[in-house]
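Asker: For the protein sequence lines, the chains are A and B, in the order given.
The first sequence lines up with residues 691 to 1024 when you count with our numbering.
The second sequence lines up with residues 4 to 285 when you count with our numbering.
Derived by calculation from the structure, the hints in this document are not laboratory data.
Beta carbons: idealized from backbone N, C-alpha and C, even for Gly.
Each hint should be verified, as a subset may be incorrect.
Cut-off 30 Å, straight-line C-alpha distance, at most; resulting in silico cross-link-like pairs (DSSO-like, lysine-lysine) [what the hints assert, rightly or not]:
id, chain 1, residue 1, chain 2, residue 2
1, B, 192, B, 280
2, B, 280, A, 816
3, B, 188, B, 280
4, B, 280, A, 815
5, B, 5, B, 19
6, B, 19, A, 816
7, B, 182, B, 280
8, B, 182, B, 192
9, A, 815, B, 19
Footprint (simulated), chain A over chain B, 3 or more residues, beta carbon under 8 Å [as the list claims (entries may be wrong)]:
id, stretch
10, 19-33
11, 95-102
12, 180-187
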Amino acid sequence: MSGSDMTFGAELRPVSEEPKPAVRWWRLTGDSLFHAAAVFAALIAAAALFATVIAIAYDSRLSIETFGVWRFLTSSEWNPVTQTFGAFPFIIGTLVSSAIAMVLAVPVSFGVAVFIAEIAPSWIKKPIAGAIELLAAIPSIVYGLWGLLVFAPVFSSIEPWITQYFGAIPGIGLLFQGPPAGIGMLTAGIVLAIMVLPYTSSIMRDVFLIVPSSLRESAYAMGATTWEVAWDIILPYTRSAVIGGIFLGLGRALGETMAVTFVIGNSNMISPSLLMPSATIPSVLANEFTEATTPLYLSSLIYLGLILIAVTLIVRFLAVLLIRRLGRREGASA
Amino acid sequence: MKAVVARRHAVDFLSKILMGIATVVGVFFLLWILWTTLRFGIAGMHWDLFTKDTPAPGTNGFGLRNAFVGSLGLLTLSMAIGVPIGLMAGTWLAEYGFHSRLANAVRFINDIMLSAPSIEIGLFAYAIVVAPMGHFSGLAGSVALAVLMIPIIVRTTDEMLGLVGGDMREAAIALGAPKWVVISKVTWKAGRAGILTGVLIGLARITGETAPLLFTALNNQYFSTNMLRPIANIPVVIFQFALSPYENWQQMAWAAAFITVLFVLVLSLVARWFLGKVQVPK
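Chain B with its partners taken away, still in its complex shape (with noise of 0.2 Å):
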């Protein structure tokens, strides 16, 4: 009796130290890489990667400006593309769906839709909109980016609509607000925070992509604002770069990839906050 007491306790002790040292390894590879690209992305920061554009191979110098304002013109337009689609589709399922069968349907497609691996989105961004321009483009990279976002701000608009309670748009419909108004002035307007979490989820998600915008944007080594003609942009800058052989390359791709690293860490925590903010009825 004794000897099986001792023995599932000793059973009980070690699987708690292997747990415990699973955490810690969890938590040291988080922290090693922060580590990594806080200190490789600090050394590589200068002044000229905000105002100059990337230098030719072989060449010195510093610059991601064309980069950067790329990277910000697909981030906008794929959001322009995406929050309306993801919204009403939200809307639909949260409002008009429910729970009927077609509704249960939109949301299964949707949570496989949101583990999708990117480089498929990739692929068939390239499919339907590169192939048919005959070149690489800006808009195929935020019709891919879109498609990307659209799945997270469709679940969590359903979700967060779902939490407004019935009365408030009961009360809007006594007033005879038709129903499209009760929704946008103010079912919309109580789930905003939970909405709003949704949208930066979504783009913390995309800004970082790299595999979709190899098929779609691809790179351009000069300054350019066209989105329907291949454009730079910072993932794709990090991939070339990080690869090639020149020093100053690679330190650039560092200073990218903590400049990117810093904008989605900083989305993620506005989002937290935002999420901190809807009230959950009970």
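Bound-form chain A, shown alone (with noise of 0.2 Å):
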């Protein structure tokens, strides 16, 4: 306060010389609206994560009355008809639908990131990765149209020779019987695991190249093989964002709604096979939506979404925060 009395005493002047005190004030204005506008808009992006939380908790509070909260998670009866709603089969369908994508893309992602940071010739990687990206570009209203017209198809073909020799192993055999329709929890698994798959090697990817060449190359000179060092020195350095990456792909995997919706059949039943129709949160979101004709109806699938939500904030969470780990990194998009 005393520092600026001071300025200003030591600026006194003749009146004749002061700058026009107009353009002053228009200056001062102009500054100030311009970081009150950036200041408001830096506080709605960062309110919309709220926002979105409380407004969804807000619609679904007609359900939530109705029936709780274990009494919905525990619930398998979806039933308009009687008005009674439970979460229970969706809840397994979206973590059964994710787990087989994640149990299929991590593996593959791994290799992807390894391929393009380690093994392939310098000419080869930008197309690469640069194709590997753009399955990310692709709409997902694409990924389920292909999914449902082209791939579940093909894939009713391979379904009875999976039965044939997956069905026949006692105990997990059980996963994999029932007619080859194509379409079911393990058509969605494998198109979500394509979807989640640009995501999860591209983070890899990303923070393999930053691993200090000295380490790796220490490790070279000592007689390590390719492998040895993608494992026992690339993959330790990085773990934390490698497994915050997966944690993103997980996040997408869980909210993915329309490649899903189109090849996952649709059923509310909780069946033992893979091979069967199901149903995830989003898929049931999408499907019935439009159709909820009374409040408590409304209500109920928004609550849905709720759960939905308190999961992938969860995982994401978690995901900004173990690549955030490693050090932030232009480029590492998460």
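Since each chain comes alone in its own frame, lean on the hints to assemble the complex.
Answerer: Structure (structure tokens):
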């Protein structure tokens, strides 16, 4: 305070030499208006996260009051006629389809990332990395269209083979039985795996490339093979970001809507077989939202959305946290 | 000793083969999806798609004019909402917030929003626009798409303005320019290739978004430009037509998907080209 007073005092000079007050006034207003607009925009961008959670929680209040939390989570009855709603089959469907996707996508992503970072000759690195990233640019509705009209018919001709070989194994054989319809939990998992692949593999590749070359080269100098460098040197160094990338992919898989809606078959029965149709929280929302005729039905659907948001928020929070732990880098898009 | 070396090299060889296969599988699916979209898309191309509206169920004929116009309207309105907010928020982070605790908190939240499932954003737009209005509307769809787009623009603006060297800012300040003039006339200009990249990537991301539109813009069988009412749009049309039993509807779904993919790929390529123009100070 006193500092600025002193400066003001030092600037005292004859009236005729003072700058025109109008100019100064406009400048100050422009500056403060611009600053205020920037602050306001930043707050809107950040508040959107909280507003989303609050708005969805508020819209599901009717269903929360009617069914409570525990009953809604564990009940498997979803019946618009009797107005009884339970989320259990959709929670199972969401978790299982995402689990299949991650089991398939994580090893493949690791392979692609190591291939691009360590194995591929330099002239082929860029085209391959670009091609894998293009997978992320394709809209999910196109994955759904392709999954339903192209992949499902092809897959249905492979399914009898899967049933024959895997269905006979005691224990896990139960997972691979059923009519070869081409659509169902396994198809959804496979399509999700393709969609998740670019996200996990590009995070892995980006963090593999920032491993200090001294570390990598000393291992090679000791006679380590490419695989040993990848598994014993690069992976431990980048572990947190790799797990973050996996969580990022998981967040995508859990919330993916259109592609899953097309290929999962949309049945709210829980079946032990992965070849049978199922439903996920996003798919039931996409299918039934516009048909929800009663307030309780609509609010139960939004309640499903609230469960999804709670789960994906935790997953995404962990993903961003883990990826940042390795140091924030441009290009490592989270 | 020899056996150990042989085993290590065998493991190495096998792992390289498997990683090569993983990469081939990834690229194979990309080519398969693109090839099918191209083949069925070209087969479904028809001049009527651009001049006629979507035909009624069970009738012959082609037409997507109302959906194209609706989609363009939705994208334009969401850019009008999303670009200013994203640009200003990113500018605040890079020019005012720096690495203060508040700015880092905003960056963290923004990163979480960056990977938000679009269906959640659709429910949000339903809650804040559709429910109070009492009916579905193009405006609600644009709000949802804008919310999806903002985090991308915020992040790229923040990063790209960070790349602009301090010397240019200092030169402008030394000439007596107030801060807002420095930012709008110097910093933005220096970082415009990068900012534009962010806008294009954001646009590419929302172009094919379907899930949020199911809860917001819905669909309209007729031609309409009224954003306060339900409006036809390409993604929802693909969804409804693909699941229909009519052959001409399925063909139109492929044609619409082909045009969407083409648009998104061109946007991504142009964005990459602009990104190549960004000068990274060393």
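Asker: Determine for every hint whether it applies to the structure shown.
Answerer: Now the hints, each set against the structure:
A C-alpha spacing of about 13 Å is found between residue 192(B) and residue 280(B), which places the hinted pair at or below 30 Å, so the restraint holds. The suggested pairing of residue 280(B) with residue 816(A) holds, with an alpha-carbon distance near 17 Å, which does not exceed 30 Å. The hinted pair formed by residue 188(B) and residue 280(B) meets the criterion: a straight-line CA distance of about 19 Å does not exceed 30 Å. Only pairs whose Cα atoms come within 30 Å are accepted, and residue 280(B) paired with residue 815(A) is accepted, the gap being roughly 21 Å.
A threshold of 30 Å between alpha carbons decides the hint, and for residue 5(B) with residue 19(B) the separation of about 21 Å falls inside it, so the pair holds. Simply put, residue 19(B) and residue 816(A) have alpha-carbon atoms about 19 Å apart, close enough for the 30 Å limit, and the pair holds. At most 30 Å may separate the alpha-carbon atoms for a hinted pair to count; residue 182(B) and residue 280(B) meet this at roughly 26 Å. Between residue 182(B) and residue 192(B) the CA atoms are separated by roughly 14 Å; this keeps the pair inside 30 Å, and the hint holds.
For the hint pairing residue 815(A) with residue 19(B), the CA-to-CA distance comes to about 15 Å; that is within 30 Å, so the pair holds. Figure legend: the stretch 19-33 of chain B, annotated as covered by chain A; annotation consistent (12 residues with Cβ-Cβ distances under 8 Å, at least 3 required). Look at the stretch 95-102 of chain B against chain A: 5 of its residues bring a Cβ nearer than 8 Å to a Cβ of that chain, three or more, so the hint holds. Against chain A, the stretch 180-187 of chain B contributes 6 residues with a C-beta closer than 8 Å to a partner C-beta. That satisfies the three-residue criterion, and the hint holds.
Violated hints for the displayed structure: none, as all numbered hints are satisfied.
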